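Colleague: Protein chains in written order, with the UniProt record's numbering: chain A, 1 to 705; chain B, 1 to 705.
Honestly, the hints are just simulated from the structure, not real lab data. Computed from a predicted model, the values in this text were never measured in an experiment. Among the clues, some could well be false.
[Claimed, not checked] Distance windows between CB atoms, simulated: (1) Pro631(A) - Val210(B): 49 to 59 Å; (2) Leu597(B) - Arg547(A): 50 to 60 Å; (3) Val210(A) - Asn605(B): 18 to 28 Å; (4) Ala637(A) - Ile590(B): 51 to 61 Å; (5) Lys601(B) - Ile378(A): 36 to 46 Å.
[What the hints assert, rightly or not] Chain B residues, not near chain A, derived (Cβ > 12 Å throughout): (6) Pro345; (7) Lys353; (8) Ala621.
We treat Cβ as the ideally placed atom computed from N, Cα and C, and that holds for glycine.
Next come the chains, spelled out residue by residue.
2 protein chains.
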Amino acid sequence: MATLEDIGVSASINILSAFAFLLAFALLRIQPINDRVYFPKWYICGGRTSPRRSANFVGKLVNLNFWTYLTFLNWMPQALRMSETEIIQHAGLDSAVFLRIYTLGLKIFLPVTVLALVILVPVNVSSGTLFFLRKELVVSDIDKLSISNVSPESTRFFFHIGMEYLFTVWICYMLYKEYHNVALMRLHFLASQHRRVEQFTVVVRNVPHVSGHSISDTVDHFFQTNHPNHYIGNQIALERQRILKDPKSIMPVAFVSFNSRWGAAVCAQTQQSRNPTLWLTNWAPEPRDVYWQNLAIPFVSLSIRKLIVSLTVFALVFFYMIPIAFVQSLANLDGLERVAPFLRPVIELKFIKSFLQGFLPGLALKIFLYILPTVMMILSKIEGYIALSTLERRSSAKYYYFMLVNVFLGSIVTGTAFEQLHSFLHQSPTQIPRTIGVSIPMKATFFITYIMVDGWAGIASEILRLKPLVIFHLKNMFLVKTERDREHAMNPGSVDFPETLPSLQLYFLLGIVYAVVTPILLPFILVFFAFAYFIYRHQVINVYNQRYESGAAFWPHVHSRIIASLLISQLLLMGLLSTKKAANSTPLLIALPILTLTFHKYCKNRFEPAFRKYPLEEAMAKDTMERTTEPNLNIEAYLADAYLHPIFQSFEEEELVDVRVDKNQTHIPSPSESVVSSPSPPQYAYHYEVQPPPHYVHHYHEAEP
Amino acid sequence: MATLEDIGVSASINILSAFAFLLAFALLRIQPINDRVYFPKWYICGGRTSPRRSANFVGKLVNLNFWTYLTFLNWMPQALRMSETEIIQHAGLDSAVFLRIYTLGLKIFLPVTVLALVILVPVNVSSGTLFFLRKELVVSDIDKLSISNVSPESTRFFFHIGMEYLFTVWICYMLYKEYHNVALMRLHFLASQHRRVEQFTVVVRNVPHVSGHSISDTVDHFFQTNHPNHYIGNQIALERQRILKDPKSIMPVAFVSFNSRWGAAVCAQTQQSRNPTLWLTNWAPEPRDVYWQNLAIPFVSLSIRKLIVSLTVFALVFFYMIPIAFVQSLANLDGLERVAPFLRPVIELKFIKSFLQGFLPGLALKIFLYILPTVMMILSKIEGYIALSTLERRSSAKYYYFMLVNVFLGSIVTGTAFEQLHSFLHQSPTQIPRTIGVSIPMKATFFITYIMVDGWAGIASEILRLKPLVIFHLKNMFLVKTERDREHAMNPGSVDFPETLPSLQLYFLLGIVYAVVTPILLPFILVFFAFAYFIYRHQVINVYNQRYESGAAFWPHVHSRIIASLLISQLLLMGLLSTKKAANSTPLLIALPILTLTFHKYCKNRFEPAFRKYPLEEAMAKDTMERTTEPNLNIEAYLADAYLHPIFQSFEEEELVDVRVDKNQTHIPSPSESVVSSPSPPQYAYHYEVQPPPHYVHHYHEAEP
């Protein structure tokens with residue numbers, strides 16, 4: 001058991017490493033040679049061009065202006081200067097709402113921390129049950145501040161129960177406000193945007209095969225019959241593919257265009273055919289967001305795929321140790337020697353042998369955890385979702401289950417997840433919360449350390465972008481020939497939703513569960529939310545370039561996982577109190593989960609449709625406005641080629657390059673040319689009219705003498 | 001424990017009472033005086049007029065043709081003569097599909113019974129474990145035919161596991177075929193019907209209140225904006241109510257009419273407003289089916305109502321014994337003497353005292369069970385559903401939960417439901433199926449008796465219609481003045497879905513659970529299904545008059561409850577086998593529930609939309625056909641006044657009666673007049689063109705000399 005000093009030592013180590021990362025970042029980012037690693041977003045949106053033009057050779061690589069070294073931490077206030085509206089214009093709604101999760105964490109936990117520290121800690125400390133126990137017992141200083149310090153059957157538990165009620169009400173209130181805001185932001189975002197192709201387009205899956213007719217003819221016939229006033233056409237893209245490839249590869253799928261948002265909204269939300277497994281319509285994802293490989297999966301195979309993937313995820317969550325143990329048993333030194341006998345003299349050295357014996361068994365586990373998000377993504381792809389945004393949300397959910405079972409429960413209840421599953425199956429439903437509840441206060445120190453390592457130092461390392469930095473410079477040295485190559489070498493990355501959302505949700509879970517149990521954990525959570533908010537705000541503004549825009553479609557998941565955390569905390573508190581012989585409190589607490597579930601159901605009905613459907617009122621209003629302002633708009637021409645299979649896009653791009661190469665025999669391309677050619681193809685029609693805020697430009701000129 | 005002879009005695013008693021009921025029915029039904037009790041459906045659809053005209057006074061009351069007494073059982077073949085198509089035309093799709101549940105039972109259980117008796121009974125009997133035990137032990141003869149007779153760790157259990165697989169596959173196959181057929185029948189029924197007002201009408205709830213505008217104006221404005229090409233109008237009915245009543249009673253609800261089925265289908269299936277709790281649209285129920293009292297319930301209160309009702313149902317299912325015990329403690333003899341002292345001399349008589357002491361405590365329970373369906377219906381009404389058909393489905397679901405816990409589980413596990421709940425909460429999830437599974441074979445004799453009492457004799461009493469018979473004759477004696485009064489005194493009743501469906505589903509559950517455990521129970525189930533099929537077919541043809549037509553909307557519930565029975569049987573078999581030390585079989589059986597659930601999910605996706613939505617293809621096809629065949633149709637006039645609040649209907653009816661009374665001062669109405677006035681008002685436009693099949697009319701003339 002860790003003492004307060006242990007925590008102090010761990011805190012200093014982690015704070016120091018976080019500062020080391022920040023310092024390294026601050027020094028690296030002002031070197032012109034790293035400019036494309038730390039400010040790629042500004043290159044992409046055209047606010048910044050190559051820094052190489054205006055300096056001598058050394059100045060191109062290293063920052064010679066020593067004044068800027070003295071102000072190396074000034075990125076922090078700068079990261080706060082952009083307003084939310086500017087962020088939405090600059091980086092999209094997804095990023096802006098992603099940042100709101102951190103402010104939500106701050107808003108929820110700031111009052112909770114203050115209340116818990118002011119009220120619960122004195123209540124716990126003054127109980128003093130544990131002071132009578134000897135130091136050698138499994139009691140840490142942290143425990144004296146926790147609920148463990150209150151003697152059984154004490155009436156002081158009413159403080160804890162009251163606080164649980166207060167916190168639940170407060171968290172629900174904040175969640176409601178936030179859901180309301182995000183839903184409004186989403187509707188406002190969708191309404192204020194310029195015309196977007198996906199508003200007029202519906203994706204139709206499982207088009208039945210009519211012999212003697214092409215898919216395109218069938219689609220045309222069906223929609224001309226059933227949506228006579230609104231249908232425009234389906235898309236040459238698939239038609240072209242039919243010509244290029246053999247007939248077997250025709251996909252029974254089409255992107256169908258309508259002449260109005262109203263017509264598309266109607267088609268996307270209604271059932272088309274008698275047989276509900278044919279002519280499945282849904283909103284088309286935006287063109288960047290389409291995952292083309294999954295479009296052709298037939299309906300029947302979808303439910304089988306889902307079954308198989310669910311079973312695999314279940315196995316992965318509960319039995320992942322089995323294959324790893326197997327690999328570990330193979331990857332021992334004897335096995336290595338047998339495979340590579342020439343290594344024997346090296347391995348037999350005592351120092352190296354002991355190092356390898358300590359290192360090899362852990363390697364398999366580390367590799368597994370490293371590739372886990374990729375595995376989850378592959379599983380989601382097998383499930384057959386057709387949009388990248390959905391794929392990321394689904395793998396994020398899978399990863400969350402893994403973290404919940406193996407990080408949260410796995411740290412509290414000792415033994416592998418498989419052993420837990422076994423023991424849970426053989427315990428009564430009322431026993432499980434007791435088993436977990438009673439060990440919760442004892443694990444507070446572990447989770448405090450976890451927060452510091454993963455939440456503090458880990459987040460600080462995010463801003464350093466060590467991997468992209470190394471890869472960029474390697475590419476720059478060996479591969480880059482033209483400015484266009486340099487554009488490609490630049491890897492801005494994006495918010496990694498499948499990994500970031502689950503760990504965020506884990507922090508919410510830890511904060512909510514420990515709020516009444518061990519309040520001293522809360523300040524560590526608060527520091528995480530504040531620090532991560534800074535870092536990600538900076539990254540969103542300067543680095544990340546989102547691959548797609550889903551309009552904050554992930555929010556309902558964030559909301560419902562926080563609700564799930566509330567429910568878990570209530571159950572565990574019930575279990576914990578029942579071991580404290582405060583069983584009479586159960587009737588007092590039983591109302592909480594029921595109320596929380598009712599609140600969740602209400603929110604689901606009230607807000608979720610805003611994330612899943614497009615109201616006709618909205619569609620009609622936009623249609624009418626557009627007809628007034630642009631009476632001569634040719635919507636058919638606008639929609640043509642919007643959804644082009646990537647196979648054609650790469651063709652066109654190559655043709656473009658060919659032409660350019662022919663041209664370039666005589667003149668070298670200017671950077672401005674290449675910059676203009678880099679944004680997403682014009683048919684996507686994203687009219688971001690934002691200019692980089694003046695202080696950014698200003699700062700950039702500062703960095704260049 | 002009952003021996004085979006006990007079962008035999010019980011069977012003879014029940015068979016005799018069933019025959020007594022049938023005999024009484026056969027004699028009563030050929031008396032002309034009872035004609036309106038046993039053939040009301042034919043009076044309502046106009047195929048039969050009063051039998052009084054063509055005989056002398058005695059002949060009007062009693063059947064004097066003794067020949068008909070000899071052929072008194074000939075209703076049975078007659079009940080089979082009508083084809084399914086004729087039944088659909090005669091009594092509607094609801095009734096026809098209701099009868100199909102019984103044939104489904106026969107189709108499922110006939111092969112299962114044969115296989116189980118031929119394979120499993122010999123396997124069980126030849127094991128002979130129980131023959132070594134002495135007769136005094138708790139072993140009945142039935143048990144020797146059951147799985148209990150197989151010794152622990154026997155390899156013979158592979159027969160049972162194999163049979164469980166075979167039965168599951170067979171039942172799923174039959175369920176799939178039946179769901180497919182019923183879905184097709186529903187679509188065909190909807191497509192082949194004449195024009196119906198509900199196809200053009202959408203009910204809009206939670207119309208927002210705009211100050212300075214009437215609800216009607218707001219609705220007009222909203223739908224003229226958002227559905228400009230399809231909207232016709234909303235309905236004077238509510239408008240009129242506004243004029244009649246004070247402004248407070250205006251309901252924020254409207255029936256909105258469209259000029260095409262397509263327009264209505266679009267409006268019913270899409271989200272209208274930004275705020276998903278306003279402008280809630282859904283298909284209007286048919287006018288007969290509307291439950292007007294619930295229309296005005298606002299959205300927020302709906303979720304609270306649902307929560308309260310769910311909690312009440314939970315309490316009712318698990319704690320219903322508490323209030324009954326309380327009432328019983330009040331309703332003892334002492335209490336009775338205190339309330340009614342004048343009864344003391346009578347009560348003090350020893351014979352009467354012992355009778356009452358045996359009778360009174362049971363009375364509270366009997367009254368409770370008698371009013372339970374009504375209570376479930378009241379609870380469903382509180383939940384706020386707006387169609388009678390939905391209300392009946394919901395109360396049927398509630399009643400099913402009650403039966404499942406208190407009849408099925410309650411009979412297997414001794415003790416009150418509350419005690420069960422308590423013990424289940426303190427057992428591990430794997431222990432519960434064992435506890436139940438191990439007592440299942442022992443309760444087979446009880447359920448055999450239950451099937452005979454409730455399923456054989458109970459069903460036979462249904463055909464006698466004792467209550468409507470008595471009430472009709474009482475009314476006839478004291479109240480009936482005119483032929484119109486006689487029409488009203490006639491109470492045809494209807495299929496009592498809230499009570500019949502749950503008990504049907506209980507029989508499926510019993511059959512499926514006992515199929516591998518105690519196969520000897522199956523023939524009793526088979527007899528029930530066959531016998532009840534006869535009885536209900538007769539009732540549907542001759543007696544019942546459905547109050548509404550939902551197009552077999554209850555089928556998805558029937559399907560999913562049978563699936564639930566399958567899952568229960570699989571779990572219980574796993575539990576049972578694990579107590580037989582055949583724990584190795586668990587991995588063999590674990591695949592079954594997973595496959596069953598997958599099958600259920602597939603069926604849900606494949607067929608359920610046919611019961612919930614109206615495909616646009618279908619709507620457009622009917623619209624187009626109608627425009628071709630009836631180009632001059634004035635749809636607006638057709639829809640006017642279709643949805644009239646009952647308050648106006650009663651006004652109009654009274655006016656009608658007043659006029660008639662004035663007219664009738666001079667001439668007495670002929671029966672044909674009154675028959676014509678009785679069908680549902682003409683604006684419903686149900687064009688049943690069916691004529692009663694000739695043999696029915698023939699039979700009627702036979703009965704009259």
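Colleague: Indicate, hint by hint, whether the structure satisfies it.
Modeller: Hints and how they fare:
For Pro631(A) paired with Val210(B), a C-beta distance near 30 Å fails the hint of 49 to 59 Å. Look at Leu597(B) against Arg547(A): about 36 Å separates their beta carbons, and that is not inside 50 to 60 Å. For the pair Val210(A) and Asn605(B), the beta carbons lie near 23 Å from each other, so the given range of 18 to 28 Å is met. The supplied range of 51 to 61 Å is met by Ala637(A) and Ile590(B), whose beta-carbon atoms lie about 58 Å from each other.
Taking the beta carbon of each, Lys601(B) and Ile378(A) are about 23 Å apart, not inside 36 to 46 Å as hinted. Every Cβ of chain A is farther than 12 Å from the Cβ of Pro345(B); the closest lies at roughly 49 Å, confirming the non-interface assignment. Non-interface call for Lys353(B) relative to chain A: holds, since the shortest CB-CB distance, roughly 42 Å, exceeds 12 Å. Ala621(B), annotated as away from the interface, has a beta carbon of chain A within 12 Å; the closest lies near 8 Å.
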